[in-house]
Amino acid sequence: MEGQAPMPGRTSDIGSNGVSIAVAHPLQVGQTGQVGFDLLVEGKLASIMARAKVIYCIFSGGEFKAGFQFLNLDLSAMAQLSRFLR
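Residues 46 to 131 (my numbering) are what the sequence shown spells out, left to right.
What the hints contain is simulated information worked out from the structure, not anything from laboratory work. Predicted model only: the values in this text are computed from it and were never measured. Ideal placement from N, C-alpha and C gives every residue a C-beta, glycine not left out. Be aware that one or more of the hints could be misleading.
In silico DMTMM-like cross-links for lysine to aspartate or glutamate, where the CA-CA straight-line distance does not exceed 25 Å [said to hold, decoys possible]:
1. K89 / D119
2. K98 / E108
3. K98 / E87
4. K89 / E47
Restraint ranges, calculated between C-beta atoms of paired labels, are given here [stated by the list, open to error]:
5. A50 / S92: 15 to 25 Å
6. R131 / Q73: 28 to 38 Å
7. G88 / A50: 13 to 23 Å
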């Protein structure tokens, strides 16, 4: 997130408009920043980097689940996501 050190997380859900990531610390709704994750697309690893905005953050199962909405996802990332979601 902007102004913060990178933090590790675990993706739990992904769609064409965003991603849910489990993190150790809460994030504030409305925060923006860069998210990055890897997908296995057609047998190859695809790295996705995208600007995103936090749209929710809830505490569940001992961790925080943050929902991110992609902002201006580039065409290459859109194509990779589309192939992954088929």
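Against the structure, the hints:
Distance hint between K89 and D119 is fulfilled; the C-alpha atoms sit about 19 Å from each other, no more than 25 Å. Distance check on the hinted pair: K98 and E108 sit about 19 Å apart at the alpha-carbon level, within 25 Å; holds. Proposed proximity of K98 and E87 is contradicted: the alpha carbons are some 28 Å apart, above 25 Å. In summary, the hint linking K89 to E47 is not supported, as the alpha carbons are separated by about 30 Å, beyond the 25 Å threshold.
The supplied range of 15 to 25 Å is met by A50 and S92, whose beta-carbon atoms lie about 20 Å from each other. In this structure the hint that R131 and Q73 lie 28 to 38 Å apart at CB holds, the actual value being about 34 Å. Against the hinted window of 13 to 23 Å, the Cβ-Cβ separation of G88 and A50 comes to about 33 Å, which falls outside the hint.
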